[in-house]
Each structure stands twice: as structure tokens, then as C-alpha cells.
Amino acid sequence: MGLSRFGGLVKGLGVARRRPFATSTSSSSSTAAGGGTIVRGTGSKSLNLYSAINQALHIALETDPRSYVFGEDVSFGGVFRCTTGLADRFGNQRVFNTPLCEQGIVGFGIGLAAMGNRAVAEIQFADYIFPAFDQIVNEAAKFRYRSGNQFNCGGLTIRAPYGAVGHGGHYHSQSPEAFFCHAPGLKVVIPRSPLQAKGLLLSCIRDPNPVVFFEPKWLYRLSVEEVPEHDYMLPLSEAEVIREGTDITLVGWGAQLSIMEQACKEAEKDGISCELIDLRTLLPWDKDTVEASVRKTGRLLISHEAPVTAGFGAEISASIVERCFLRLEAPVARVCGLDTPFPLIFEPFYMPTKNKILDAIKSTVNF
Amino acid sequence: MSVSSATNLAQPLQLNNAAATPRSNDMPSLLLPPKASSFLGSTRKFRPTSLSHSSAHRRSAVVAVSEAVKKKKVQASSNLLITKEEGLELYEDMVLGRSFEDMCAQMYYRGKMFGFVHLYNGQEAVSTGFIKLTKKEDSVVSTYRDHVHSLSKGVPAREVMSELFGKATGCCRGQGGSMHMFSKEYNVLGGFAFIGEGIPVATGAAFSSKYRREVMKQADCDHVTLAFFGDGTANNGQFFECLNMAALWKLPIIFVVENNLWAIGMSHLRATSDPEIWKKGPAFGMPGVHVDGMDVLKVREVAKEAIGRARRGEGPTLVECETYRFRGHSLADPDELRDPAEKAHYAARDPITALKKYILENNLATEQDLKAIHKKIDELVEDAVEFADESPLPPRSQLLENVFADPKGFGIGPDGSYRCEDPKFTQGTAHV
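Chain order of the listed sequences is A and B. Numbering follows full-length UniProt numbering, in which position 97 of the first sequence is assigned residue number 97; successive positions increment by one, without gaps. Numbering follows full-length UniProt numbering, in which position 316 of the second sequence is assigned residue number 316; successive positions increment by one, without gaps.
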């Protein structure tokens with residue numbers, strides 16, 4: 001079982017390489033949200049997203065005695081119950097509450113990581129991550145680089161619930177992934193379902209680079225899947241094709257994928273065969289898989305909840321155009337949130353809904 | 001008298017020696033240094049203000065800022081602290097706050113309002129005690145628990161309720177919601193979902209008032225700013241930065257800590273190395289005061305002094321109000337973590353009941369008067385709900401307004417007209 005020790009034999013991994021150490025036991029493909037081909041399980045249980053994350057944290061703390069989980073309200077289980085049972089099981093020296101200071105929480109985590117520990121910091125909502133933005137971008141991302149590899153904070157993983165939840169309003173619904181994708185030295189990972197979340201989170205915690213792990217809060221209770229009970233990891237920087245098609249490639253991540261999947265099904269009725277890709281890791285992202293898919297279909301549509309201007313979709317669009325310009329049959333479409341602050345009462349108008357995606361699919365295919 | 005007290009306060013005071021603090025009666029251990037392992041925060045036990053004080057003792061236990069007020073306390077046992085009008089005004093304001101919040105809870109469970117709603121039940125004495133001493137031009141900066149601050153400041157209940165329902169007639173045109181109450185007319189500068197974010201904003205507002213007075217020579221501009229925030233915020237960097245700036249520039253601001261002992265599920269004692277927040281004031285060069293936040297009269301006395309200081313240009317004050325929220329952190333919080341004994345202790349010190357008792361015992365008003373107030377408030381709140389129900393939702397065209405100063409910041413669309421004027425614009429993707 002690939003329990004890679006932090007700082008263990010990870011050959012050849014530099015910041016430039018996209019393919020991480022492949023210690024995961026899984027063949028990464030689960031072709032749909034339901035089935036999984038994660039091998040060697042003794043059993044699996046039907047879990048929702050927060051329970052899967054909880055399991056991943058239990059396993060992470062079990063397998064490394066120098067790992068810690070901390071953040072606001074984590075001891076009683078956290079406002080989303082992701083950390084239930086950890087304090088009771090591992091003690092409050094390893095699972096503890098911090099005062100309400102995000103900058104302090106992340107900075108403190110960087111310090112822990114720099115001394116060779118695995119620090120899993122929880123930011124209560126991704127909207128609150130901005131005081132810590134300075135520490136993440138200026139310190140965590142650059143630690144290894146500027147110390148000439150003497151120190152690194154690879155043991156740091158920051159978990160934050162992101163994304164719309166229906167009633168969150170301005171400060172409980174934001175998707176800040178694009179801000180972090182702009183900082184070389186960090187990894188940004190977003191799971192779409194419980195099975196993915198557990199594997200990806202364990203990979204993130206054990207990855208020798210600082211990772212920001214965004215969890216789609218809408219799916220905490222809604223998304224339920226059979227999740228293997230054993231320790232498994234999913235590879236980072238590998239996108240997954242979750243639906244095969246021939247007419248258009250759709251790329252997304254997190255909660256948005258379920259909306260896109262619905263749009264794909266509707267498009268199928270009109271005879272449009274859609275290929276849906278879950279990017280899973282946004283930084284460094286798997287350009288090869290997306291490129292191969294676009295070479296097959298000739299069209300690309302990207303969808304995310306964050307505002308469209310300078311969202312991560314822009315990066316995907318630009319890179320794919322660079323690589324596949326002559327193959328493209330239509331402009332790359334982006335169906336994203338509007339360029340306004342995340343609204344409260346107007347949330348249904350702001351969101352990239354199934355209908356907006358469907359319209360874009362049709363207009364791209366009929367370009 | 002006021003001159004001498006002004007000079008007394010110029011230096012950071014060694015305020016609140018042990019004898020004066022209300023909690024010192026039964027707690028000499030407070031003065032001992034904390035034990036070695038403070039891994040989980042402070043090891044000091046929190047002893048809330050004892051219930052057994054009679055009303056006369058309660059008054060003298062106020063830790064006031066200036067000697068002048070202290071002296072007055074000693075003689076004041078026979079004088080009443082408020083007149084009948086003031087008493088009824090305070091009572092009405094607290095009852096308004098309480099009834100409004102209770103109605104919010106009802107509406108939430110009926111699905112009329114949504115989102116994250118944080119109720120203020122139990123803490124009314126702080127809002128009423130402070131804000132009822134302010135003028136319309138004074139500014140108030142609050143947190144996400146801001147409905148009652150807005151109501152005390154004068155924002156009509158109708159507007160607040162509409163805002164909660166998300167209607168276009170709300171004080172922020174439906175765009176803010178529960179956590180973002182703003183009012184230009186009444187100088188409520190928000191409503192901040194993020195803890196501590198409002199404190200620098202309040203500091204800036206205070207600066208502008210001082211600037212107008214001293215640089216622009218508007219001598220009558222003595223507006224003060226009140227910044228309300230909680231105990232959890234007192235561990236946040238922004239708080240300390242602003243204490244420093246306010247004291248450095250002697251800004252007319254009062255930092256009011258509503259210490260209700262809990263930050264969602266985190267006890268203040270386990271999160272703070274020194275749980276006595278008022279001590280952080282003198283560390284930065286301003287007086288720090290602790291007051292019993294469940295007693296509106298005590299809060300009012302301290303507020304009078306602190307606001308007076310700020311108006312005279314003597315600088316900021318940090319006031320820690322020991323208070324308690326009767327409900328959970330928000331309407332989505334099951335509130336399982338707090339000890340029922342603690343809740344009962346504070347429920348017995350309900351500020352509204354306490355004021356009612358004071359008013360009746362001192363014959364300031366009759367039961368009839370108080371009942372009339374309750375009736376009036378009930379009608380007001382019902383009217384607010386009806387108004388909110390009947391108000392229209394904001395039109396879709398409002399979606400793009402107020403992003404930039406000029407909504408035409410969204411540019412010109414392919415058909416040559418301004419994008420924001422095209423109704424189809426919001427159906428697609430609104431690009432800048």
C-alpha cells in the first residue's frame with residue numbers, strides 16, 4: 001500500500017513536473033459518480049461528502065503521528081461536521097481549536113510544516129481565507145524556493161468549504177480558486193464527490209507541496225457514494241474523463257460538474273454527444289487530457305461558479321487555444337458566474353445554470 | 001470637574017484594580033499567574049457577575065472610566081439614574097429588539113427569510129445602552145448580529161424586515177440581507193459578515209469626523225463612532241491594528257466588545273490567553289472598562305462617559321460588556337455545546353426583566369405603561385412583516401447595478417448599446 005511517508009522516496013518530483021509520485025493504489029478512473037474501480041478494498045460504505053472527508057482525516061492522523069488538524073471550531077466537529085470524532089480519538093494536542101485569526105492559523109500551519117509536520121488547517125469558509133492570502137501566497141508558495149530547498153512547507157494542507165449553497169450570500173458562497181491558481185508553488189485541488197474527496201485529500205495531505213483543498217459545501221450532505229473504507233489515494237494533476245462523447249468537451253470541477261452532467265444529458269436528447277472532464281487538480285492542471293479530448297471533439301466549454309473575468313476558465317481557454325488552435329471548430333465557451341459580487345437574493349440569476357450551459361453547448365456546436 | 005478628569009485620562013490609566021472589578025469579590029485567583037500549560041488557552045475560570053447583589057450594590061459595581069463618575073456613584077444610591085422618559089425609551093428599545101428578533105426566528109422557520117441569520121436575544125442592553133446616547137450623525141459599525149443595532153440607531157423596522165426578506169424596499173434594496181444592514185440616513189455603516197472587518201472601517205469613519213473638526217474647522221462636528229464586535233474578534237489582528245491607530249491619533253471612537261463568551265462553539269476562555277479583554281485597552285494607551293452587559297443602566301453610565309470622552313476629543317475607549325446570547329450563534333446552530341446551567345444563569349438576568357423591575361420598583365412608570373409599550377411594539381413588528389411581505393422583490397435589472405459606480409462599466413455589447421441595458425445580458429454571462 002502506498003503509504004508514502006512525508007519526505008520519503010519521492011523521486012524526480014520537481015515543481016515543474018505535473019505528474020506526482022504515483023503511489024496511489026487506485027487506477028484513477030471511476031467512470032461515473034456512482035461506480036468505482038478503486039482496488040483492494042475490504043469493504044465500502046455509502047457516505048456523504050463530509051463523512052468521506054472525515055474518514056480521510058482519521059486515516060491521515062492515524063498513519064502519521066506528527067500530523068495535526070486545527071482551525072475554528074474543529075474540536076466539536078466543525079460547522080460542517082468534517083472533523084467529528086477526531087479530537088476524541090487523537091486528543092486535543094493534535095486536534096485543536098484556534099482563535100479567530102485566519103492569518104495566524106495559516107502562518108502557524110506554515111511554521112509547523114516547515115519543521116517537518118503535517119498540518120491540516122481548516123478555514124471555516126473559503127470566503128474567510130483572504131486574511132490568510134498573504135501567508136499562503138507570499139510564504140507558503142515561496143518557502144521552498146527562497147530557502148533553496150532547505151526548508152519547505154509541503155506538509156501544509158489548507159481545507160476550506162467553497163461555493164454556492166443556495167442561501168449563502170456574499171460571504172458564504174465564494175469560489176476563490178482562481179486567486180490561488182495564480183501563485184506558483186501551490187497546488188489547488190477540488191473534489192467532486194465523496195470517493196474522490198477521500199482519495200484526493202489523502203493525496204494532498206501526503207503531497208510534499210502546500211495544497212489548498214476546496215470542498216464544495218453544497219455537496220457535503222447531498223452527494224452520497226460508495227466509498228471504500230481503506231486507505232487509498234488518488235493522483236493529483238490528473239484530470240478524469242467522467243463521460244465520453246464526441247461532439248464537445250466540457251471541463252469543470254466540484255459541484256458544478258453535477259449541473260454540467262444534467263446539461264449533457266439534455267443535450268444528448270438533441271443528439272449532441274458531450275464529453276465531460278473533471279479537472280480535479282487546478283494547479284498544476286492536466287493539460288494533456290483536456291488537449292486530447294479537444295483534439296477529438298474540436299469544441300470546448302468551461303463552466304465554473306466564480307465570476308467569468310479572470311476565472312480559471314480563462315487559463316484553460318488560453319492554453320487550449322495555444323495548443324489546439326487549428327483543431328478548434330468554435331470559440332471556447334465559458335459559462336460562469338456573472339461579474340458581480342456573489343449576490344444574495346439574485347443567486348439564481350448569477351449562477352451558471354443547466355440552461356445557460358445547454359444554450360452554450362448548442363451555440364458552440366452550431367457555430 | 002470635567003477639566004481635571006480630562007487630564008487624568010490623558011495617560012493610560014491603571015484602571016480597575018482588583019477591588020473595583022465586579023468579579024473580584026469571589027475570585028482572588030484571578031490575580032495569580034496562569035499555570036504552565038496553557039495549550040488550550042487560558043486556565044482561568046470565568047466567574048460571571050454574581051446574582052446576589054442588590055440593586056444598590058449593582059450600581060456601585062460599575063467600573064467607570066473617570067474619577068468624576070466614580071465619586072458620583074458613591075453618593076448616587078438615593079438618586080435614580082434615569083428619568084421616566086428615559087426609562088420608557090430604553091424599555092421600548094429593548095423590547096423592540098427582542099420582539100423583532102423573535103419574529104425573525106418565526107419568519108425564518110416559515111421560510112420567508114433565508115440565508116444565515118444571527119439573532120441578538122439577550123444582548124439588548126448593550127445596543128440600547130450605547131446607541132440611545134448617540135446622535136443621528138454618529139456612526140455605528142456592527143457585525144453580522146446587526147439587526148438590533150440598526151433598530152436602536154433608528155432604522156425603521158419595516159426597512160430592516162424587508163431587507164431580511166430580500167425585498168426591494170429593504171434598507172439596502174434587498175442586496176445585503178441579514179448580515180449587511182447599512183443606512184446612510186442613520187449612519188449605520190454595516191453589517192459585516194466577516195469578524196473584525198468593520199473595525200478598521202469604523203476607525204476610518206472616526207478619523208473623518210476628527211478631521212472635519214480640526215482641519216476643516218467645523219467646530220460643531222463632534223461625531224463619534226461606535227464599533228461593536230465580539231469576544232472572538234478580540235483575538236484577530238485587525239482589532240489590534242485599530243486599537244493602535246485609534247489611540248495613536250486620538251480618534252473619537254468607542255470599541256465595544258460584546259463578550260458573550262462564545263464564538264460559535266469556541267469558548268472565549270479556551271481561545272484567549274488573557275480573557276479579560278478590557279486590559280487590552282491600556283496596553284495600547286486608552287482606557288479599558290469592563291461592565292455588566294446585562295444591565296442597561298450600567299452600560300449606559302459607562303457609555304455616557306466613553307462617548308463624552310470621545311466628543312471632547314480625548315480619544316478612544318475600549319469597553320468590554322459581559323453579556324450573553326440566549327439563542328444559538330445563528331438560526332442554523334443547534335446550540336448543544338453550552339452548559340444549561342450557564343444559560344439559566346444568564347436567562348435569570350434578562351436585561352428587559354431587570355429594567356422592568358427597576359422601573360416598577362422606583363415608581364418611574366406603571367405596569368400599564370409597560371404593557372402599552374409591549375402592545376405598541378407588537379403592532380410595529382407585525383406591520384413590518386406585512387410591509388415586507390407585500391413589498392416586491394428586486395427586479396432582475398438590479399442585478400448589475402451597484403457593482404461599479406457606473407453600471408455602464410460593463411461596457412458596450414455587440415449590438416452597440418450598453419450591455420447593462422440589454423435584458424438578455426443577465427441571461428448570458430455578464431462580462432466586465
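Hints listed in this document are in silico derivations from the structure and should not be mistaken for laboratory results. Predicted model only: the values in this text are computed from it and were never measured. All C-beta atoms, glycine included, are put in the ideal place defined by N, C-alpha and C. Any given hint could be a false lead.
[What the hints assert, rightly or not] Selected chain A positions facing chain B (in silico; Cβ < 8 angstroms):
{"hint": "1", "residue": "64"}
{"hint": "2", "residue": "72"}
{"hint": "3", "residue": "79"}
{"hint": "4", "residue": "99"}
{"hint": "5", "residue": "101"}
{"hint": "6", "residue": "128"}
{"hint": "7", "residue": "150"}
{"hint": "8", "residue": "151"}
{"hint": "9", "residue": "170"}
{"hint": "10", "residue": "172"}
{"hint": "11", "residue": "176"}
{"hint": "12", "residue": "340"}
{"hint": "13", "residue": "344"}
{"hint": "14", "residue": "346"}
Checklist entry - Minimum Cβ distance from residue 346/A to chain B below 8 angstroms? => result holds, 5 angstroms
Checklist entry - Regarding the hint that residue 176/A lies at the interface with chain B, is the smallest CB-CB distance below 8 angstroms? => result violated, 13 angstroms
Next on the checklist: For the restraint on residue 101/A, tell me whether the closest CB of chain B is nearer than 8 angstroms.
Outcome noted: It holds, given that the least Cβ distance between residue 101/A and chain B is near 5 angstroms, below 8 angstroms.
Next on the checklist: Take the shortest C-beta to C-beta distance between residue 79/A and chain B; is it under 8 angstroms?
Outcome noted: holds, 7 angstroms
Checklist entry - Holds or violated: residue 340/A as interface residue toward chain B, Cβ cutoff 8 angstroms? => result holds, 5 angstroms
Item to check | Proposed interface contact between residue 64/A and chain B, which counts if any beta carbon pair is under 8 angstroms | outcome: violated, 20 angstroms
Next on the checklist: Tell me if the interface restraint on residue 128/A is satisfied: Cβ within less than 8 angstroms of some Cβ in chain B.
Outcome noted: holds, 6 angstroms
Checklist entry - Quick one, is the residue 170/A hint okay against chain B at 8 angstroms, beta carbons? => result Holds. Min distance 7 angstroms.
Checklist entry - Minimum Cβ distance from residue 151/A to chain B below 8 angstroms? => result With Cβ-Cβ at 24 angstroms, over 8 angstroms, it is violated.
Checklist entry - At a threshold of 8 angstroms, is the proposed contact between residue 344/A and chain B supported by beta-carbon distances? => result holds, 4 angstroms
Next on the checklist: Tell me if the interface restraint on residue 172/A is satisfied: Cβ within less than 8 angstroms of some Cβ in chain B.
Outcome noted: For residue 172/A, the interface hint holds, since the closest Cβ of chain B sits about 6 angstroms away, which is under 8 angstroms.
Checklist entry - Is the hint on residue 99/A kept, meaning its closest Cβ partner in chain B is under 8 angstroms away? => result holds, 4 angstroms
The structure does not agree with the numbered hints 1, 7, 8, 11 stated previously, though it agrees with the rest.
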